[in-house]
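Undergrad: Just so you know, the protein sequences line up as chains V and W, in that order. Each step along the first sequence adds one to the number in numbering that gives the first Met the number 0, with nothing skipped, and position 234 is 233. Each step along the second sequence adds one to the number in numbering that gives the first Met the number 0, with nothing skipped, and position 200 is 199.
It is worth saying that the hints were derived from the structure and are not from the lab. Small disclaimer: the values here were computed from a predicted structure and weren't measured. Glycine included, each C-beta is placed from N, C-alpha and C at the ideal position. Please note: incorrect hints may appear among the correct ones.
Examples of chain W residues toward chain V, derived with CB under 10 Å [to be verified]:
| no. | residue |
| --- | --- |
| 1 | Ala-150 |
| 2 | Gln-160 |
| 3 | Gln-169 |
Just so you have them, the derived chain V footprint on chain W, three or more residues with Cβ under 8 Å [stated by the list, open to error]:
| no. | segment |
| --- | --- |
| 4 | 129 to 135 |
| 5 | 153 to 159 |
Residues per chain are reported as follows:
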Amino acid sequence: MSTHNTHNVIELTGVTKSFGDREVLRGIDLWVREHQAVALIGASGSGKSTLMRCVDLLEDIDDGDIFLDGDVITDPSVDTVAVRRRLGLVFQAYNLFPHLTVIQNVVLGAVRAQGMKRDEAEVRGRELLERFGLAGREGDRPDELSGGQQQRVAIVRAIAGRPRALLLDEVTSALDPELVGEVLAAVRDLKGEGVTMLLATHEMTFAREVADTVAFLHDGRIVEFGSPEEVLAAPKRPETQRFLRRLLEGGRL
Amino acid sequence: MVVGGLAALILTSPGWSKEGGVRETFFSWSAFKDAFPDVLSHFWLDVKVFMLAEIAVLALGLLVALTRTSRTPALFPLRILATVFVDVFRGIPTILLVYLIGFGVPALYLTSTPPSAVLLGGVALTLSYGAYVAEVYRAGIRSVHRGQRDAALAMGLTEGQAMRFVILPQAVRRVAAPLLNDFVALQKDVALISILGPQEAFRAAQIIQGESFNYTPLLAAALLFLLVTIPLARLVDRLGGKGEVR
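Just chain W, same shape as in the assembly (with noise of 0.2 Å):
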């Protein structure tokens, strides 16, 4: 109903089918067409950041959370430095990371050739996510009973091995839904990359929409966004519901 409503006001607008309106700019069939094939070739970037990032994320996050947890006390140091690591990048807009990033690296000339603004802004990216990350799988391991880590130290496991075999595996388990729901979110900040210069999906919808003055292209990278959130977001509905039931 929201839906149809909220279409009804488009289509009913006054902007929407005077000359130059909303359906001849945004909804335009032959500019959707001439623009699909470019900004699809460019959203191949966003994919492949989101992938690597993410790969990236997921082991970042881990490393983060198991030293927060650790009880370990020659470990203190590293634990502050974890928690400093996760209040920083969870702290900071991810936008203002990438910028940071992406132009504060660069400056710095530690390499004869700049590294790549992909890279950068891959980095910020995993940095930003990494410490959200870090803080679900902390959340799924200290959901775990104490009794789990009591037995399995009883059995004569070590710590690392309890952790290993009994904790983690029942964490990731519980957390799978919020992990799944921050891929869906990284998936989509991976266009903030574009600021950085490289062409991905909405850069191209954008520079194909300044030289046309016709707004369709964007609406072409959102279906593409769309066509991967989407998915992804109803296999964590599918978890969700595994998760009430077990």
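Extracted from the complex, chain V is given alone in its bound form (with noise of 0.2 Å):
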């Protein structure tokens, strides 16, 4: 198995991905070191939500390579399901088990995956709703909650496994406006304690306070990289420069 970097906890070199003739990611490079938050910015169809399969491994690349802590995770060698145990994704549209109640939706893969003690792993759980201001609903299904109390609840089951690094994918797109805030403070709440996370987004001024660096993604390339002033406030390529002046014209800068 061969390292790399172990700087970063999570790093891609050269990631290709077709869906049939459509080339979605065309030789991607990124890296996310300890601690950081990265933001994946783009429009929609420019391969965010890929690339972050691509990560978990819920989708085969084509070429190049993907590595978690050094060692490469997309030889076919290596096993999947210990990969995944490793990281956290959250998705757009929650994906909550609806025939479960909060608190088991959080403790399955902690209990089945990461083989916590099932007392020890509700503990865990339950503290962590608390603390995501969902106490009191653990016993409610999915489909009680707000938006944005089931992305919350998303979340707290992504971390409650304690993985090496978050993966959110537009986790705010699915919810209604006034619901965007809880969500986004629970994010800002984890990369305050250290999280180390990727995340695709459209809140341009979340990412702009939330991440270390800002990648935007154009037509399967990132064509920019930086911190956020460079990237957001200053962009050098034309094309990221399109990118935020439509934004700001859609009033969503």
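Fit the two chains together into the complex; they arrive one by one in their own frames, and the hints show the way.
TA: Laid out in structure tokens, this is it:
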């Protein structure tokens, strides 16, 4: 097993991915350092979700390598289940399990995947739920919660197994505007705690505030990469400038 | 209204009240009283076969559905086998399958004493209904959104765990009503094992009818089937209603 730069929790080198004839990722180089947050921005369909799914091995990549803590994870010999146990992924559509209660959603992975004792997992689950303003909702079904509450449960579920890094795939895009704030607060909280994260987002204000690095994905390539000030305030590439101008005109910046 | 119309049609028909008419040959209270205990005692065989076959059907159907929906490349031959199983046993009329297995297997002389007709009939019913139920399960599994599997795998569950803890519980809930519907059909089709000889309710009623030249015992058998299938049907309704609310 080849090892790579160990300062990077997540690293992608030359990653390509096609669906049929459609090239979605055309050679991605990207890295996330320990305790850092990298915000992935770009238009819908630019490949942000695909990139996230590739890192969590929900999609096979065509070429290139992805590393987790310096170990290559995209080799066929790698145990994909073991890799996923070291990562947390939060989806745009929450994807909570509707037949399970909130606490059952949270402890399922901890117990079945991480091998924690049920009591232990429940204690930790309750603590986390309380911390994210969900105390008293343990016994509810997901459909009894608001979208913002559901997404916070999904975040708790993703961190219950203490992942090395958290992948957040447009976690506020499906929410009503008034519910976005509570979910962003949860992410901000985790960032403050030092959780390493890669987040795809449409919230530029939030990206500027929480991200250490912003990567602009355009047409399957990362065309601009740097601090939020560099990429969002003074973009060099015309594609980035166009993208940000369009957001500004749409009132989203 | 339809029931009332039919009743009126039967009651006013020329064959109803004449000497040796339908009232006497199908609705004779004394014949009913005489035949009922005997038909009832044989109905227990229907109930027993139904219960055992149903358990076997649920297990076999699940196994076939899981095989057909599996993604592991190594299971490809098994997937083909499962597909062939469904095609064959769903495609053959149940009555024909009961005949083929009921008379064909003993002819093979695989065991020193031939397997019982009840067992063979039960096996035939299990194969036929197993194929149907496998497709019901499969439809349920496929109806669970892809995001559920993604989320289960993302939290580090194996494919098997994702199926067991996340996908299957949702799938089974969704298809509970159609599954019960197949229960009702199976319960009725248990009468088919009578063609192999065992005396279940229908066969017992037929024998009494043959001796007495009165058809009322058949009505007694029909009533017994209804006593089981109607409560099942109400259960289907209740589950169906719940499915819409959730």
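Undergrad: All hints, please: hold or fail.
TA: To see whether the hints hold, each was checked on the structure:
| no. | hint | result |
| --- | --- | --- |
| 1 | Ala-150 | holds, 4 Å |
| 2 | Gln-160 | holds, 5 Å |
| 3 | Gln-169 | holds, 5 Å |
| 4 | 129 to 135 | violated (count 0) |
| 5 | 153 to 159 | holds (count 5) |
When held up to the earlier numbered hints, the structure conflicts with hint 4 and nothing else.
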